[in-house]
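Protein sequences, first through last, are from chains L, B, H and F. Going by my numbering, the first residue of the first sequence is number 4, and it counts up by one from there. Going by my numbering, the first residue of the second sequence is number 4, and it counts up by one from there. Going by my numbering, the first residue of the third sequence is number 4, and it counts up by one from there. Going by my numbering, the first residue of the fourth sequence is number 4, and it counts up by one from there.
No lab work stands behind these hints: they were computed from the structure. Keep in mind the model is a prediction, meaning the values are calculated, not measured. There's no promise every hint is true.
Because identical chains share one entry, a pair is satisfied inside a single copy or across any pair of copies.
Said to hold, decoys possible - No farther apart than 27 Å at their CA atoms in a straight line, the calculated lysine-lysine pairs in the BS3-like style are these:
#	residue 1	residue 2
1	Lys6	Lys74
2	Lys366	Lys238
3	Lys316	Lys396
4	Lys318	Lys372
5	Lys224	Lys131
6	Lys332	Lys74
7	Lys366	Lys131
8	Lys318	Lys76
9	Lys332	Lys241
10	Lys377	Lys6
11	Lys396	Lys381
12	Lys368	Lys201
13	Lys332	Lys318
14	Lys372	Lys332
15	Lys318	Lys377
16	Lys76	Lys396
17	Lys377	Lys224
What follows is each chain in one-letter form.
Number of protein chains: 4
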Amino acid sequence: MRKIINDPVHGFITIEDDLIFELVSHPAFQRLRRIKQMALAFLVYPGAVHTRLHHALGAYHLMHRAIEELKQKGIAISAEEEQGVKIAILLHDIGHGPFSHALEHTIVDVNHEQLSLMIMEQLNHEMKGRLSLAIAIFTNQYSKHFLHQLVSSQLDVDRLDYLARDSFFTGVSEGVIGYDRIIKMLTVINDELVVEEKGIHSIEKFLIARRLMYWQVYLHKTVLSSELMLVHILKRAKELRIQGQPVFATPFLDFFLSNPFSFEDFKTNPACLQNFLAMDDYDMVASLKVWRLHEDPILSDLSGRLLDRRLFKVKFLTDSNAPEIADIKSKIIYELNGDDSLLAYYFTQDVTSNSTYSAGDEKIKILFKTGEIKEITKVENTLISEGLLVPIKKHYICYFAH
Amino acid sequence: MRKIINDPVHGFITIEDDLIFELVSHPAFQRLRRIKQMALAFLVYPGAVHTRLHHALGAYHLMHRAIEELKQKGIAISAEEEQGVKIAILLHDIGHGPFSHALEHTIVDVNHEQLSLMIMEQLNHEMKGRLSLAIAIFTNQYSKHFLHQLVSSQLDVDRLDYLARDSFFTGVSEGVIGYDRIIKMLTVINDELVVEEKGIHSIEKFLIARRLMYWQVYLHKTVLSSELMLVHILKRAKELRIQGQPVFATPFLDFFLSNPFSFEDFKTNPACLQNFLAMDDYDMVASLKVWRLHEDPILSDLSGRLLDRRLFKVKFLTDSNAPEIADIKSKIIYELNGDDSLLAYYFTQDVTSNSTYSAGDEKIKILFKTGEIKEITKVENTLISEGLLVPIKKHYICYFAH
Amino acid sequence: MRKIINDPVHGFITIEDDLIFELVSHPAFQRLRRIKQMALAFLVYPGAVHTRLHHALGAYHLMHRAIEELKQKGIAISAEEEQGVKIAILLHDIGHGPFSHALEHTIVDVNHEQLSLMIMEQLNHEMKGRLSLAIAIFTNQYSKHFLHQLVSSQLDVDRLDYLARDSFFTGVSEGVIGYDRIIKMLTVINDELVVEEKGIHSIEKFLIARRLMYWQVYLHKTVLSSELMLVHILKRAKELRIQGQPVFATPFLDFFLSNPFSFEDFKTNPACLQNFLAMDDYDMVASLKVWRLHEDPILSDLSGRLLDRRLFKVKFLTDSNAPEIADIKSKIIYELNGDDSLLAYYFTQDVTSNSTYSAGDEKIKILFKTGEIKEITKVENTLISEGLLVPIKKHYICYFAH
Amino acid sequence: MRKIINDPVHGFITIEDDLIFELVSHPAFQRLRRIKQMALAFLVYPGAVHTRLHHALGAYHLMHRAIEELKQKGIAISAEEEQGVKIAILLHDIGHGPFSHALEHTIVDVNHEQLSLMIMEQLNHEMKGRLSLAIAIFTNQYSKHFLHQLVSSQLDVDRLDYLARDSFFTGVSEGVIGYDRIIKMLTVINDELVVEEKGIHSIEKFLIARRLMYWQVYLHKTVLSSELMLVHILKRAKELRIQGQPVFATPFLDFFLSNPFSFEDFKTNPACLQNFLAMDDYDMVASLKVWRLHEDPILSDLSGRLLDRRLFKVKFLTDSNAPEIADIKSKIIYELNGDDSLLAYYFTQDVTSNSTYSAGDEKIKILFKTGEIKEITKVENTLISEGLLVPIKKHYICYFAH
């Protein structure tokens, strides 16, 4: 069995392992075709409609390339380990639901990392333990730590793929990275993934590209606004549903609208995961389209606005007590005919933040020709100096305006 | 008002005209965000999830570039004509429904060209006649014929954009075309769009690229198969709905499942167009996902297969009476436990066809330095000889197989 | 020893074999840095200044990829064979001199294939027989025929690289090919290189791309003109030199200007090859620049014209007896003040020709899923029909005009 | 007159102005075809053989795009000013000689900016004053300051083109910049070029890309080494020539080898500029090739090394007194058989430096939606903080080693 998949980002992706092919064909994985990688970012970047399935395949491909490179450099990686680490990356995001960010704050109060692991375990059960090594790598319980670092660290193939892919589909050249070169420069010393000295500029470029993509794309005002609107919509739909009003939904979405389920519920009630795995972007958007005709004016107004791209405004503030907040609130209440009970649906105040490099997490280490290994922030004359370690926080308000 | 949109294919698309901005913001246009340009082709090419809105904007951009070029060459084009021809291309596909090809053969028996015009007329009514010139160009009733040719001919900007865009998102390099060069080589002689002699190789390349995209992408076996499966599914859902069985659907899809509407109905009953404009990929797929749990075994089986990508097989045949047909039919009936009433859902025989260049339609003309104009098939030593004028027809069967 | 080279066309080229690294470092190979791959084509396409060294490395890289692919498919290729076939492609063009086409018609009357072999043999001598297998593959004397086909056939990696590379550096998108896909589709049956059925459209695209590159680039009128001018210049310089007039030249160029050497001379007099290996684009152009100040009016006029890009005109004709020839000749003689002895330097009549696919040479074969193998022209519904087998011939004249 | 030039970087470059066409056709400009933009960088990046002519045309093209953009935004730019600023950028580097950096430190002790102006003035004389406005803009003596900023500032189109072009030809993705977006974001306020707020991330990316290109490409160890070797070679050739030894050279190179000419000489002796304009890469390399056979062991050894790419080693040091220097010197002297008079040719100590952004020069200013204008280092949360203003200095030694 040998399958070749065209990928405009990496060229061709080849699958040659039967177990991996079985996983890719599984409904739980195929479902990722129906979940957009970048959620609502397509409202700003019309090309950004690529799917989580596509990203998972791309990250799998880069893992294949990284493993080839390490093996050529003499790093011992067995066939089982290679299969395990490839499966770990293939399934790393399988727990994502539709519009995850909005979803996890409203109707499915469980984070996607927990769900990824839960789904992997269910697949492992179905496949009679053949995913055990992959799960050990994913959860960092396998003896070779560097395999986990390839799946999850500040330089994992997940990030290499999503930056390259999101740049490609948005057309934002600021995110273009030299992932080819980074992969060529990887090696392993004392069970730690390190980057050869010659790759240092590519690493700098990668960290800066990620930073720019956050501010220009992932945390773009319009993206923040549309996600917050979806939060308001889902909350309102849930309120109405729980009040017993008829709210159109597919059975899968209805399951979550009708009841708040905790992570405990997911562990004890199989219907939770079953319905979760049946739900995707299509349940959400199809329902939104019916809701725009709902008799509840809040639900219908907000749904129509999101569908037609008549979005709330976002304004960044110097701090959370900026004086203009009160003014804007008054204006909105006036527009809402003085009904300040509506303010909760038409105004949000929040803070968003991003770190270029995090001092705490799985760090990036540079291997010098002398044999010395230094964490990247400790290397002289690099861009990633102390200053860039401080996360940037931006206060903002998101509100209805003509 | 000046809006810049990032497009990974063309770079940046600029909108500077208020009327065009109003049209782009209209719900009837924004709805194209929810209809994939290449329907089910993403089942083969995972990147092919770009939308009809994106293509419409891209074609608009190429029209802008073509008009700039022609004006620089001294061709008279007034500001009104420029706006008109841009609107005509922007809206040329606005009548597409979700998965058009399958849709038009099952539940909406009206073709998208008719609907595009009907929608343009409705928008013209809303906008108090400001689209009249665009409609005249679109329907080839405007005095300057070459403007219509830019919108619809064998070398229109529609084709230039979709080939470039579909190649980009599928990653199929066979479709890459030199649209930049083609646009630079356009001019107008006696109200006819012609290509300067130096552009002849780019035209050859364009026609060949289109031919290869048809066979490698648009008419790929898996694409044919998935479209036929969707046809069977929609037909079955409609049968059950008309028999009075409960069939989950959004109200918009239900409208079309419950009744066959003709083009006449669209003209007389405003609910037809209203529901059509509310329907997109999300209604279809959300319903498919519920249908996979339907008690009707045909509907649930086919829906599950399409969603999980367990597709029918397609086999090309030498002719419509190929001897293997009978064999295959028997095998399917055997697999279906001898129930040959099911054959209609599990077996299709059809023919697909494509022309590299069509002798009849708006032809491609080459302008020589001597002033002579020749139709491309009449030029010596080109690839587009008589032989390539004959449409290629392929007989095929599409059928259930393990 | 592991060397990574940045290549804008293929990404990164890796050299891991000591012998190959030794060859790349050899002065005979480094000299290819000083010979432009596309000779005078930069006069039309300013980016086309890439070198024969770059092409040789690129073809080597594609050979590496092809061998990897075949080995993964279970084709037996030993480490020695792999090294041999890589060396064969690395050195396949090592016999090229500066502006080969013009050179071989004027001062070095030996073709580059003969010289490539002679140089390989000299290197083999230096390296104590370690190139023997490479030479056997290059000359098609090795038992595994398919290795030779990878180096030299109608689908060799030489062509794959030069089309991709020349398109990239000229910016002519007509030559873009899907070499990635072609390589993925290669396999070997009965010691013959074949292409899997799924790759047929990529092969069509490749042949058409090559055809278009010939007419749009390699045989572009301005390229033909500048090459013919260089022929005239070199002939004139040689005449003057043999007459005993002082003609500036580097010692290496002077060696060839001063005497006509035959292939026999190359075989018997080591100074021939030694001077040939010392000569490159720089000898030619540096001399041209001095010749523009020469007292011979023909040599100085032609040299100045070529350097400043004041080129002769090229006109394609219907046949070799076209009536306009006489007219043009009279005009030129008039311009040359009636001195018809100058005509030989200011007027040429010739014919140029190219075949899209040649029925005679190492053919391209398609492997069908049924196991059947067909030559590409025998496959139904492909572009490469009988009509395209006929070489296109173009008669032309090249002449001085204001 | 309308000329279209294929450029793999920007697509197509169009020249529509007769005067500009005349300048492009002038031998002084055509000569730039024979000078590589990146000098010896091709020894590391084999694709980096593009020419100064190509860069000049590319910068001209970006100027055309920037002017179009500004005019669309209502900035007043007359036809004369447009022509002037385009000519200024087209000719901004016309004073470059072959391998400028090495040249200016050895045999032509005049910097290229001075020569560019001198050549422009000569062309202006030939063209009867038609370049006067271009020269005024180039020298910042024209009333509209922003036109000069487009030609020369920290955000000029010169930098936009060379970063894009050098990235393209080297294949170093670290230098890819969003020049399209930057140009779209330019505007003019109070005669100052400013960037709209939305373009801030593109500017950050541009400055970082430039920084990375310096360290990864322009100041790459191998590039430093080869340039220093050329300096030693030219110095040695000049010494021998002045001593009266026969040293092969074209007449143009001989002119500069035989005598030191000052800027004063260039102003008073027309032969200086005349010979300078006749000299390019070909004179240098053709001579090097003969010098490798020279009887002077230093000249022949160094020339052979540079031609065959057997280069000196470069080592970065913590400071100019690093203890390893003495060790290395002793080793070299030992290798040179104790002859420490040779050390000057086989050992160099120097310092190289680069600033990401310079506080002094023509600064980059950001225009906020509020109308406020801030210099980029004064904007909160950007990368270009105080820390990046300090130039990075690297001490190094370059020396002979096996």
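Practice problem: Provide an ascending list of the numbers of those earlier hints which the structure does not satisfy. | Solution: Violated: hints 2, 5, 6, 7 and 16.
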